[in-house]
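Take these sequences, add in the hints, and give me the full structure.
Taken in sequence, the protein lines are chains A and B.
All residue numbers for the first sequence refer to the numbering used here, where the first residue is 1 and numbers rise by one.
All residue numbers for the second sequence refer to the numbering used here, where the first residue is 1 and numbers rise by one.
Source of the hints: derived by calculation from the structure; they are not laboratory data.
It is possible that some hints are incorrect.
Chain copies aren't distinguished; within one or between two, either way the pair holds.
As the list claims (entries may be wrong) - Listed below are the simulated DMTMM-like cross-link pairs for lysine to aspartate or glutamate, each with C-alpha atoms no more than 20 Å apart in a straight line:
| id | residue 1 | residue 2 |
| --- | --- | --- |
| 1 | LYS45 | GLU82 |
| 2 | LYS112 | ASP123 |
| 3 | LYS112 | ASP128 |
| 4 | LYS112 | GLU3 |
| 5 | LYS52 | GLU85 |
| 6 | LYS45 | GLU79 |
| 7 | LYS7 | GLU82 |
| 8 | LYS112 | GLU85 |
| 9 | LYS112 | GLU82 |
Protein chains: 2
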Amino acid sequence: MMELTRKGEYAIRGIIYLAQQPPGRVSLISEIAAAAEVPQTFLAKIFQSFAKLGLVTSSRGTGGGFVLARPASAITLREVVEAVEGPILPNRCLLGSACDRGGPCRVHAVWKQVQTEVVHILDGVTIDTLARNPEH
Amino acid sequence: MMELTRKGEYAIRGIIYLAQQPPGRVSLISEIAAAAEVPQTFLAKIFQSFAKLGLVTSSRGTGGGFVLARPASAITLREVVEAVEGPILPNRCLLGSACDRGGPCRVHAVWKQVQTEVVHILDGVTIDTLARNPEH
DNA sequence: CACCTTTAGGACCAATTTGATCCCTTTTAT
DNA sequence: ATAAAAGGGATCAAATTGGTCCTAAAGGTG
Numbered sequence: 001m002m003e004l005t006r007k008g009e010y011a012i013r014g015i016i017y018l019a020q021q022p023p024g025r026v027s028l029i030s031e032i033a034a035a036a037e038v039p040q041t042f043l044a045k046i047f048q049s050f051a052k053l054g055l056v057t058s059s060r061g062t063g064g065g066f067v068l069a070r071p072a073s074a075i076t077l078r079e080v081v082e083a084v085e086g087p088i089l090p091n092r093c094l095l096g097s098a099c100d101r102g103g104p105c106r107v108h109a110v111w112k113q114v115q116t117e118v119v120h121i122l123d124g125v126t127i128d129t130l131a132r133n134p135e136h
Numbered sequence: 001m002m003e004l005t006r007k008g009e010y011a012i013r014g015i016i017y018l019a020q021q022p023p024g025r026v027s028l029i030s031e032i033a034a035a036a037e038v039p040q041t042f043l044a045k046i047f048q049s050f051a052k053l054g055l056v057t058s059s060r061g062t063g064g065g066f067v068l069a070r071p072a073s074a075i076t077l078r079e080v081v082e083a084v085e086g087p088i089l090p091n092r093c094l095l096g097s098a099c100d101r102g103g104p105c106r107v108h109a110v111w112k113q114v115q116t117e118v119v120h121i122l123d124g125v126t127i128d129t130l131a132r133n134p135e136h
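Have a look at this one:
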């Protein structure tokens with residue numbers, strides 16, 4: 001359980017590639033897809049999400065492409081993952097104030113703790129760290 | 001992301017009910033399903049998994065049903081969740097020694113850390129604790 | 001302007017997973 | 001024998017995942 005989907009994997013691989021480019025260099029989606037070994041049309045959708053959320057800036061037309069919107073050191077793994085997979089919610093009952101059967105359910109506090117821990121870990125990792133990581 | 005499925009929710013609700021019964025008391029699947037407000041046939045499958053894994057003992061025929069195989073204080077939330085959802089694996093690459101593209105991937109260590117933390121949290125919660133929890 | 005390049009966005013689709021249900025078999029007590 | 005349970009397999013609809021395709025929009029260039 002708790003598995004990252006392909007979309008999440010592709011998102012991470014793609015943005016790491018961007019982070020490895022010289023600052024300010026524009027990359028085509030075709031280039032990123034080839035480098036990250038990811039289906040191009042699928043990756044295009046992922047980068048659309050990134051652009052909407054302000055993780056990357058996109059430009060169209062000749063010379064267009066994608067650049068990180070912020071330094072890689074200011075983009076966390078959590079942001080990237082949540083951009084495509086949605087918020088980290090181990091159990092539905094973390095959403096509303098009450099579980100489905102009246103009052104917070106018995107395991108509510110446990111899931112809350114899991115959520116907090118995972119968010120904390122993913123917030124502590126930046127794309128810059130991953131991009132520089134020699135462990136390849 | 002990281003959401004528990006219905007199966008996981010049902011599993012937890014069902015085993016908590018069992019833990020709330022007087023020690024040694026046999027419960028019918030129909031009774032558990034009604035109390036936990038879970039589809040009976042679906043819950044039956046879940047309890048089959050429990051029985052196979054030795055979390056509960058089952059007996060057939062008149063007077064048959066389910067009982068916890070161990071004291072509720074000796075059954076962890078992790079066991080219950082993993083019984084129906086499979087092992088806690090945030091990323092596929094935690095499975096084999098290498099990621100799909102040669103060598104451990106850049107995020108490998110992060111997912112390993114997430115896995116370790118979640119397992120630790122869920123191992124620290126017993127069904128007994130949940131069953132007694134006044135927060136309902 | 002016309003034309004090419006590139007992302008944006010929507011529609012669509014196949015495969016897989018999820019969430020069940022049904023039916024028949026096996027075991028066990030009476 | 002018979003009734004009462006769980007065991008196990010087949011089946012199925014709905015949702016999600018993983019992707020493709022096509023057209024539109026935007027931005028450079030001659």
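Subject >> Intra/inter-copy verdict for LYS112 and ASP128 if alpha-carbon distance must be at most 20 Å >> reply: Between copies only: 19 Å across chains, 28 Å inside a chain, cut-off 20 Å.
Subject >> Homo-oligomer pair classification [GLU82, LYS45; C-alpha up to 20 Å] >> reply: within (15 Å within a copy, 33 Å between copies)
Subject >> Up to 20 Å CA-CA - GLU85 versus LYS52, copy category >> reply: within (14 Å within a copy, 33 Å between copies)
**OP:** Please work out whether the CA atoms of LYS112 and GLU85 approach to 20 Å or closer within one copy, between two copies, in both situations, or in neither?
**Re:** both (18 Å within a copy, 19 Å between copies)
**OP:** First find the shortest C-alpha distance between LYS7 and GLU82 inside one copy, then the shortest across copies, and answer within, between, both or neither for a cut-off of 20 Å.
**Re:** Result: close within a single copy only, 11 Å intra versus 24 Å inter.
Original post:
Under a CA distance limit of 20 Å, which applies to LYS45 and GLU79: within one copy, between copies, both, or neither?
Top reply: within (16 Å within a copy, 38 Å between copies)
**OP:** Evaluate LYS112 and GLU82 at a C-alpha cut-off of 20 Å and name the case that applies: within, between, both or neither.
**Re:** So LYS112 and GLU82 pass the 20 Å test inside a copy (17 Å) and across (18 Å) alike.
Subject >> Up to 20 Å CA-CA - ASP123 versus LYS112, copy category >> reply: Both. Shortest intra-copy (16 Å) and inter-copy (15 Å) distances satisfy the 20 Å Cα cut-off.
**OP:** First find the shortest C-alpha distance between LYS112 and GLU3 inside one copy, then the shortest across copies, and answer within, between, both or neither for a cut-off of 20 Å.
**Re:** both (18 Å within a copy, 12 Å between copies)
In this structure, none of the earlier numbered hints is contradicted; all agree with it.
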